[in-house]
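Visitor: Here is how the chains run, residue by residue.
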Amino acid sequence: MNNKKDSYAAKVRAKSIGVMVVLIILAVICILPIWILFVNASRESQDIIDNGISFIPGGHFIANIKETVHLNEIGKITYDAFIGYRNSFFITICATVLTVFFSSLTAYGLVVYDFKASGPAYTIILMVMMVPVQVTSVGFVQFMSDIKLTDTYIPLIVPAIAAPAVVFYMRQYMKSSFPLDIVEAARIDGTGEFRTFLTIGLPMMKPAIGVQAIFAFIANWNNFYTPSMILVSREPKQYTMPMMVQSILSNDKLSDLGVRYTAIMLSILPVMVIYILLSRTIVEGVAEGGVKE
Amino acid sequence: MKSSAQNRIRSISYAKYGYFFILPFFIVYFIFQLYPLFNTFRLSLYGNGNNTGAWVGLENFEILLFGEGNIAVRAQHQAIIKAFGNTLILWFGNFIPQICLSLLLAVWFTDLNLKIKGKTFFKVVMYLPNIVTAASVAALFLMLFSRTEYGPINSLLMGTFGFDEPVNFIRDKWISRGVVMFIQTWMWFGNTMIMLMAAIMGISPSLFEAADIDGANSRQVFTKVTLPLLRPMVVYTMITSMIGGLQMWDIPYLYKEGTNFNEDIKTIAVYIYNHFHSLNPNYGYSAAASVLLFFVTSILGSFCFAMNRDKDAAKRKKQIREAKKRMKQQNKATFGGF
Numbered sequence: 001m002n003n004k005k006d007s008y009a010a011k012v013r014a015k016s017i018g019v020m021v022v023l024i025i026l027a028v029i030c031i032l033p034i035w036i037l038f039v040n041a042s043r044e045s046q047d048i049i050d051n052g053i054s055f056i057p058g059g060h061f062i063a064n065i066k067e068t069v070h071l072n073e074i075g076k077i078t079y080d081a082f083i084g085y086r087n088s089f090f091i092t093i094c095a096t097v098l099t100v101f102f103s104s105l106t107a108y109g110l111v112v113y114d115f116k117a118s119g120p121a122y123t124i125i126l127m128v129m130m131v132p133v134q135v136t137s138v139g140f141v142q143f144m145s146d147i148k149l150t151d152t153y154i155p156l157i158v159p160a161i162a163a164p165a166v167v168f169y170m171r172q173y174m175k176s177s178f179p180l181d182i183v184e185a186a187r188i189d190g191t192g193e194f195r196t197f198l199t200i201g202l203p204m205m206k207p208a209i210g211v212q213a214i215f216a217f218i219a220n221w222n223n224f225y226t227p228s229m230i231l232v233s234r235e236p237k238q239y240t241m242p243m244m245v246q247s248i249l250s251n252d253k254l255s256d257l258g259v260r261y262t263a264i265m266l267s268i269l270p271v272m273v274i275y276i277l278l279s280r281t282i283v284e285g286v287a288e289g290g291v292k293e
Numbered sequence: 294m295k296s297s298a299q300n301r302i303r304s305i306s307y308a309k310y311g312y313f314f315i316l317p318f319f320i321v322y323f324i325f326q327l328y329p330l331f332n333t334f335r336l337s338l339y340g341n342g343n344n345t346g347a348w349v350g351l352e353n354f355e356i357l358l359f360g361e362g363n364i365a366v367r368a369q370h371q372a373i374i375k376a377f378g379n380t381l382i383l384w385f386g387n388f389i390p391q392i393c394l395s396l397l398l399a400v401w402f403t404d405l406n407l408k409i410k411g412k413t414f415f416k417v418v419m420y421l422p423n424i425v426t427a428a429s430v431a432a433l434f435l436m437l438f439s440r441t442e443y444g445p446i447n448s449l450l451m452g453t454f455g456f457d458e459p460v461n462f463i464r465d466k467w468i469s470r471g472v473v474m475f476i477q478t479w480m481w482f483g484n485t486m487i488m489l490m491a492a493i494m495g496i497s498p499s500l501f502e503a504a505d506i507d508g509a510n511s512r513q514v515f516t517k518v519t520l521p522l523l524r525p526m527v528v529y530t531m532i533t534s535m536i537g538g539l540q541m542w543d544i545p546y547l548y549k550e551g552t553n554f555n556e557d558i559k560t561i562a563v564y565i566y567n568h569f570h571s572l573n574p575n576y577g578y579s580a581a582a583s584v585l586l587f588f589v590t591s592i593l594g595s596f597c598f599a600m601n602r603d604k605d606a607a608k609r610k611k612q613i614r615e616a617k618k619r620m621k622q623q624n625k626a627t628f629g630g631f
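Sequences listed follow chains W and Y, in order. Just so it is clear: in the first sequence, position 225 is 225 by the working numbering, and no numbers are missing. Position in the second sequence counted from 1, then plus 293, gives you the working numbering.
In isolation and in its complexed conformation, chain W is listed as follows (with noise of 0.2 Å):
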């Protein structure tokens, strides 16, 4: 009896190493390239092309990226890190805000009040939740050239306002979480609606806001597709981080291949610092949204 006890144990340790080593063979996977393109941004051209990959960072680092931020003074390289960042930080910044803002207006306005609408309103939003950007692309950015909006930022920005997902996702945390008396309470004390939206909604919507924010941000600034849909004459002073990594992809006079990764560094440098700062809140708030009871 013991001794079945103890095989139990052992087999149960024995597969518990084999699981751990797995996971530690695709944890190095997933940081691996990552690893690589910062400790590549860090040498020396020639010590690339020399001795290939290396996982020791070299000493080049403020180098590299002296050199990068000053790509456009050198050559004609599209490639500037203080124009992109600007343009980047701008666009994110702007529609993440309008996102939550606006996302928590119409989740509450779905929450607190009764109303006719707002079962079919409801439904309306889960159905856009499926449609892909790709599908109406087409028309978006035609029309936009019709009402002279293409090469600004506004359809890149305004659309912000209308993020069905995040609705979805407001609305799940209200339900569960904000005691409707308080906007009765309110009313007795005589606080205008919009009023109490903001002293007392917003507030209490705080923690899933957070969240909410962080993914806008990232998909914001990832976003690739929209912005060299929308930028149709591509004016280098208008480009966004991606679109300046794609300018120095298809630029084959930049050989050095530090500055190259240097490029490539900066412009995911926010998404790495924010995930590092806030990875724990990151994976719950994904785990969050994928349960869909």
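Keep in mind that the hints are not guaranteed to be accurate.
Stated by the list, open to error - Capping the alpha-carbon separation at 27 Å, the derived lysine-lysine pairs in DSS-like fashion look like this:
#1 309/Y / 175/W
#2 11/W / 408/Y
#3 517/Y / 11/W
#4 253/W / 237/W
#5 175/W / 625/Y
#6 610/Y / 116/W
#7 116/W / 611/Y
#8 66/W / 116/W
#9 549/Y / 253/W
#10 175/W / 148/W
#11 625/Y / 608/Y
#12 608/Y / 517/Y
#13 625/Y / 611/Y
#14 375/Y / 466/Y
#15 549/Y / 237/W
#16 408/Y / 517/Y
#17 15/W / 408/Y
#18 116/W / 309/Y
#19 11/W / 412/Y
#20 116/W / 617/Y
#21 309/Y / 206/W
#22 517/Y / 15/W
#23 11/W / 410/Y
#24 15/W / 410/Y
#25 175/W / 611/Y
#26 610/Y / 621/Y
#27 621/Y / 608/Y
#28 549/Y / 375/Y
#29 611/Y / 621/Y
#30 610/Y / 175/W
#31 15/W / 412/Y
#32 116/W / 608/Y
#33 66/W / 237/W
If you're looking for bench data, these hints aren't it; they were derived computationally from the structure.
With chain W held as given, fit chain Y onto it using these hints.
Guide: Using the frame of chain W, we list chain Y on its own:
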């Protein structure tokens, strides 16, 4: 007891505020999403290139779907069939390894018998590739897989593994497809894993306990308990992944040398984009391909939507229906059929 103020407030209708609150969403939705969708349908009925603006009816669809006519028309037909084929191949090649790997990992992570240290760390690391800019990922892999002998991977293969000549990772038909499938799997398996884990943890623990007491081994638990209960989630993941796969654009679009596209990884989204953004744009073909994509997506999406509906509400409705039925029968019994 309710105060008079409370009663007064109850009597006021606040419904109109609901409309105000959801109005901005719907205004923006109509202008920036719904009208563009109609506009796409409209453009699909108009001509291409020099002929833009001329009504052609369903000709674009005829050309794309059947391609009967001169060489140019046949080429157009072949291009879109190839693009759809590529999209399917690339999606399939990343979904199968992705779901297998995610399922395995999700089961491991939720298995309480196994002693896994640093679960949170592994989850965080495995989700990491998903948040990195797809365009930058494509750029990075393009440089790592450079086909010259100086490319990092090739120099490794030639130096350490004794390959005679560099492998053409970028232009070779199946190798380039393999790289794209790998990148997609790499980016998405962490996400799928977390979703499946949440679903497994939603399964009542008593079921696992019961299986344990009955002496089921871990394979039996997986095939007889976990998998059947997880099926809706796996189907849901498959459909959302399929919708995502149909949109695959960033990586196939950027994974090329200079401006030469690799025809074997050109997806439907790349087809739409290229026809729209060429010197002589073919709005008609581009829009018609979008419309085809729309129908495929909405068929898939409606499955997903049906599964995603509030199950409790459906159950409640059923209960009410049954209760009514029972009442009728009771009435019949009591009043003898009157």
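Visitor: Each hint: holds or not?
Guide: Do the hints match the structure? See the list:
no.	hint	verdict
1	309/Y / 175/W	holds (20 Å)
2	11/W / 408/Y	holds (12 Å)
3	517/Y / 11/W	holds (22 Å)
4	253/W / 237/W	holds (20 Å)
5	175/W / 625/Y	violated (41 Å)
6	610/Y / 116/W	holds (19 Å)
7	116/W / 611/Y	holds (23 Å)
8	66/W / 116/W	violated (60 Å)
9	549/Y / 253/W	holds (16 Å)
10	175/W / 148/W	violated (41 Å)
11	625/Y / 608/Y	holds (26 Å)
12	608/Y / 517/Y	holds (25 Å)
13	625/Y / 611/Y	holds (21 Å)
14	375/Y / 466/Y	holds (13 Å)
15	549/Y / 237/W	holds (25 Å)
16	408/Y / 517/Y	holds (23 Å)
17	15/W / 408/Y	holds (9 Å)
18	116/W / 309/Y	holds (10 Å)
19	11/W / 412/Y	holds (21 Å)
20	116/W / 617/Y	holds (26 Å)
21	309/Y / 206/W	holds (26 Å)
22	517/Y / 15/W	holds (21 Å)
23	11/W / 410/Y	holds (17 Å)
24	15/W / 410/Y	holds (13 Å)
25	175/W / 611/Y	holds (23 Å)
26	610/Y / 621/Y	holds (17 Å)
27	621/Y / 608/Y	holds (20 Å)
28	549/Y / 375/Y	holds (17 Å)
29	611/Y / 621/Y	holds (15 Å)
30	610/Y / 175/W	holds (20 Å)
31	15/W / 412/Y	holds (16 Å)
32	116/W / 608/Y	holds (22 Å)
33	66/W / 237/W	holds (20 Å)
Checked against the numbered hints listed earlier, the structure breaks hints 5, 8, 10; every other hint is satisfied.
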